[in-house]
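Protein chains in written order, with our numbering: chain A, 5 to 155; chain B, 2 to 571.
Hints are supplied without guarantee of correctness; some may be wrong.
[What the hints assert, rightly or not] Label pairs and their in silico Cβ distance ranges:
{"id": "1", "chain 1": "A", "residue 1": "E35", "chain 2": "B", "residue 2": "A192", "range": "19 to 27 Å"}
{"id": "2", "chain 1": "B", "residue 1": "K189", "chain 2": "A", "residue 2": "I37", "range": "25 to 33 Å"}
{"id": "3", "chain 1": "B", "residue 1": "F561", "chain 2": "A", "residue 2": "E35", "range": "42 to 50 Å"}
{"id": "4", "chain 1": "B", "residue 1": "I206", "chain 2": "A", "residue 2": "V98", "range": "22 to 30 Å"}
{"id": "5", "chain 1": "B", "residue 1": "D272", "chain 2": "A", "residue 2": "E32", "range": "33 to 41 Å"}
{"id": "6", "chain 1": "A", "residue 1": "R56", "chain 2": "B", "residue 2": "N213", "range": "22 to 30 Å"}
{"id": "7", "chain 1": "B", "residue 1": "K61", "chain 2": "A", "residue 2": "K67", "range": "22 to 30 Å"}
{"id": "8", "chain 1": "B", "residue 1": "T285", "chain 2": "A", "residue 2": "D20", "range": "28 to 36 Å"}
[What the hints assert, rightly or not] To give a feel for the contact side, a few chain A residues facing chain B, derived at Cβ under 7 Å:
{"id": "9", "residue": "V33"}
{"id": "10", "residue": "M36"}
{"id": "11", "residue": "K40"}
{"id": "12", "residue": "P43"}
{"id": "13", "residue": "H48"}
{"id": "14", "residue": "N54"}
{"id": "15", "residue": "A61"}
{"id": "16", "residue": "K67"}
{"id": "17", "residue": "G89"}
{"id": "18", "residue": "A119"}
Everything labelled a hint here was simulated from the structure, so no lab data went into it. C-beta: ideal position from N, C-alpha, C; glycine also.
Now for the letters of each chain:
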Amino acid sequence: MNELENERYLVFCIDDELYASPLLDFHEVVEMIKPKPVPNMPEHFSGMINLRGVIVAIIDLRKKMGIAAKYQGKQTMLICETENGIMGAAIDRVESVIHINSSTVQDVKIAGKIALEYLKGFVNYQDRIITIVDVKSFLSEQDKQFLEMSA
Amino acid sequence: MSELDLEMVGFFLEEVDELLIKWEGICLCLEKEVTVDHINSLSRIAHNIKGSSASVGLMKLSQFVHLVEDVIVEQKNSNKELTSQTLRMLLGAHSQMAAWVDILKSEPRSEFFPQPFMDEYFSGQHESGPHKTQTPVQSIAKPKEEIKVEKGNETVPNGPVVVAESKQTTEVEAKKSKEEILRISTKKIDALINLIGELSIQQSILQNAIENSGTKLQGQLIYSSLNLSHKITKEIYDTAFEFRMTPVGGIFQRLDRAIKDLSRSLGKDIDVEVSGHEIEIEKTILDKMLDPLTHIVRNSVDHGIESREKRIESGKSERGVISINVSKVEEGIEITVSDDGKGLSEKRILEKAIEKKLISPTASIPREEVYALIFIPGFSTAEAVTNVSGRGVGMDVVMRTIEEVNGKISIGSEEGKGTKFRITIPTNLSIVDSLVVSVNETQYVLPLNFIEEVISLSPSFSPKDNKFLMKEKVIPYIHLSEIFNLELTQVTNDYPVLVTKVNGKRLAIGVESILGRHQSVVRDLNTCFDSSFAVSGGTILPNGEPGLILDISAIMQKFFKYLKTSGEAA
Chain A
5 MNELENERYL VFCIDDELYA SPLLDFHEVV EMIKPKPVPN MPEHFSGMIN
55 LRGVIVAIID LRKKMGIAAK YQGKQTMLIC ETENGIMGAA IDRVESVIHI
105 NSSTVQDVKI AGKIALEYLK GFVNYQDRII TIVDVKSFLS EQDKQFLEMS
155 A
Chain B
2 MSELDLEMVG FFLEEVDELL IKWEGICLCL EKEVTVDHIN SLSRIAHNIK
52 GSSASVGLMK LSQFVHLVED VIVEQKNSNK ELTSQTLRML LGAHSQMAAW
102 VDILKSEPRS EFFPQPFMDE YFSGQHESGP HKTQTPVQSI AKPKEEIKVE
152 KGNETVPNGP VVVAESKQTT EVEAKKSKEE ILRISTKKID ALINLIGELS
202 IQQSILQNAI ENSGTKLQGQ LIYSSLNLSH KITKEIYDTA FEFRMTPVGG
252 IFQRLDRAIK DLSRSLGKDI DVEVSGHEIE IEKTILDKML DPLTHIVRNS
302 VDHGIESREK RIESGKSERG VISINVSKVE EGIEITVSDD GKGLSEKRIL
352 EKAIEKKLIS PTASIPREEV YALIFIPGFS TAEAVTNVSG RGVGMDVVMR
402 TIEEVNGKIS IGSEEGKGTK FRITIPTNLS IVDSLVVSVN ETQYVLPLNF
452 IEEVISLSPS FSPKDNKFLM KEKVIPYIHL SEIFNLELTQ VTNDYPVLVT
502 KVNGKRLAIG VESILGRHQS VVRDLNTCFD SSFAVSGGTI LPNGEPGLIL
552 DISAIMQKFF KYLKTSGEAA
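All chains should be modelled from the sequences, with the hints used to inform the complete structure.
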């Protein structure tokens, strides 16, 4: 499942850093709608939106990764279906869709903003580093943390 | 043994569920009256199960059903009276198959071991079989089986949609309708309902926009057309919604069976009277009601209805009666389960409650609330826990399950005459009549059925230390902003307070303003909302925004825990 062959990736940007996740993990990309607040939730939980009749929980990836809340213009939401239901990740913007060959992924484990569990490696793309991250699991795993927090 | 095709097994299990329900229904009919039609239906069902189980590779199940089918065919050909032993075997076979199907649902490759009593019946049958009835029975059955296996293949669908022809239904069903039945997964229906709901929200938004735009001439045409499309959408919605509904009759049969099984083992004669089969309710609610209702009827059989001797002693008819009636009421449907047994003893309930320290010995409790004590966890009036009704779940679980579906339960009883449980449940869980309130510029939804009263607090009538006095009663009080740790945007001395009541306990909840009533369509919430403890679901508000439906009983629990009081306000 985690085999990274010549797959299509969605490249997105948070705080001028590039990240990529398998394109097929995402349902759609939607323009940011201001989420409605939900009380008693962790800070990186922005709230919820109505996406054509479905209530979608929105996670602010920027906050989740501990990046200062310096929003550059309008944010974008990546909608994906996690094991806990449909969730949205608020990011700065979508860059592009590229093909990444698994052999070019450098599996260097660097403890950074993303837990190693979700860090799938790095790619050198046009002299920029793209961090490959499993956003789908990242979103649903957060949820487990919330539950522990509230328990 | 043939390979198990897991997908096919899935379809088979869906199909067999229905067949088993029919099987049980016929057995219960046979108990009252033996007709050729019923025996024929039963044999057809057995055949069907045998064939389709074989076709998906469940050979053991197929062989098991084959044995049972032999008995049915023998019965059919012999023109003999149906013995109670055979009938018991048929019901027993049903239980075994149902259990087997349940196991298969979670683990399709698991083994099935028929219980010994089945073997006993069969071995006895095979000994007496050959000389009492003609052997051809078996040879008739065999060629049929082959044909059926093929037929079984045909009936196993390729897609999730199954078209079951009325041919397949039993006579019992066929009398009701000759319509073709389409089986569609609830997921697809829910998706459709969601879309229609969303469409109507968009229409409302459009309507608002037109109303506010002020262009009158153009407005009229658009407006009337929009109005019409609104109506159509509503109709489509209602129609789609009905797909989810199912007649309550389906559950009666299982209750009937539970009563029969238990009364037989306790040596009590009990007649079961039912009414209101045809009334429809959302399937998910009906499924949830099975356990609590089973518990209630088993209680009635075990503790309610007296032994034959006692009944004669107290001048009652030998046979006890349990009646289950369903009727439509404003809140949804009302299910009553009543027995003509010995009734509840107020004295004993009070004694028990005091003994178990559930109430204080000096408390004066109105009659109606005395009965409600049996719903408190840890309460059981049965002197010894019998393995019948004292099994695991208690009345507290019954209450909780009913509350889960936003229902209510109450008890009426007269010592010596009987007990009546009255359960009111909504016909659907997907639409909740509710009140939209706002705090800190965010709207929340509160289910109306838990709101007893709406009052307005003024400076002269304001809560201190989380309580205030209303009609000489102390009402615990909290502001919604406190529950959610929100800052109030507007601090006024005059604000509305909703007095909520769950399970006999009251809690007044203050809000900033009440925006109005709303028929909230309940949407599932992502599990990550679980940490927001006071939320039972989500909904789309009239303005198209998502809103949270508050879980009043969770708020109460949290509140009373927080205050470390026992909620004496009841």
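Structure-based check of each hint:
At about 24 Å, the CB distance of E35 of chain A to A192 of chain B agrees with the hint of 19 to 27 Å. Roughly 27 Å separates the CB atoms of K189 of chain B and I37 of chain A, a value that falls within the hinted 25 to 33 Å. One distance hint, 42 to 50 Å for the beta-carbon pair F561 of chain B and E35 of chain A, holds here, with the actual separation near 44 Å. Separation of I206 of chain B from V98 of chain A is about 27 Å and conforms to the stated range, judged on CB atoms against 22 to 30 Å.
Checking the proposed 33 to 41 Å range against D272 of chain B and E32 of chain A shows it is violated: the Cβ atoms sit about 60 Å from each other. A C-beta distance of roughly 23 Å is found between R56 of chain A and N213 of chain B, which places it inside the suggested range of 22 to 30 Å. The hint said 22 to 30 Å for the Cβ distance between K61 of chain B and K67 of chain A, and at roughly 56 Å that hint is violated. A beta carbon spacing of about 48 Å between T285 of chain B and D20 of chain A contradicts the range 28 to 36 Å that was offered as a hint.
Violation of the interface hint for V33 of chain A is found here, the shortest Cβ-Cβ separation to chain B being roughly 19 Å, above the 7 Å cut-off. Interface restraint check for M36 of chain A: the shortest CB-CB distance to chain B comes to about 15 Å, outside 7 Å, so the restraint is violated. Taking 7 Å as the C-beta cut-off, the interface hint given for K40 of chain A holds, the closest approach to chain B being about 5 Å. Of the supplied interface hints, the one on P43 of chain A holds, with its beta-carbon coming within about 3 Å of a beta-carbon of chain B, less than 7 Å.
Evaluation of the H48 of chain A hint against chain B yields a violated restraint, the C-beta minimum of about 11 Å exceeding 7 Å. For N54 of chain A, the suggested interface contact is upheld, since its CB lies about 4 Å from the closest CB of chain B, less than 7 Å. Here the hint on A61 of chain A is kept, as its CB sits about 4 Å from the closest CB of chain B, short of 7 Å. This hint is violated: K67 of chain A has a C-beta 15 Å from the nearest C-beta of chain B, more than the 7 Å allowed.
For the restraint placing G89 of chain A at the interface with chain B, the shortest Cβ-Cβ distance is roughly 4 Å, inside the 7 Å limit, so the hint holds. Taken as an interface hint, A119 of chain A does not check out: its beta carbon lies about 17 Å from the nearest beta carbon of chain B, beyond 7 Å.
Checked against the numbered hints above, the structure breaks hints 5, 7, 8, 9, 10, 13, 16 and 18 and satisfies the rest.
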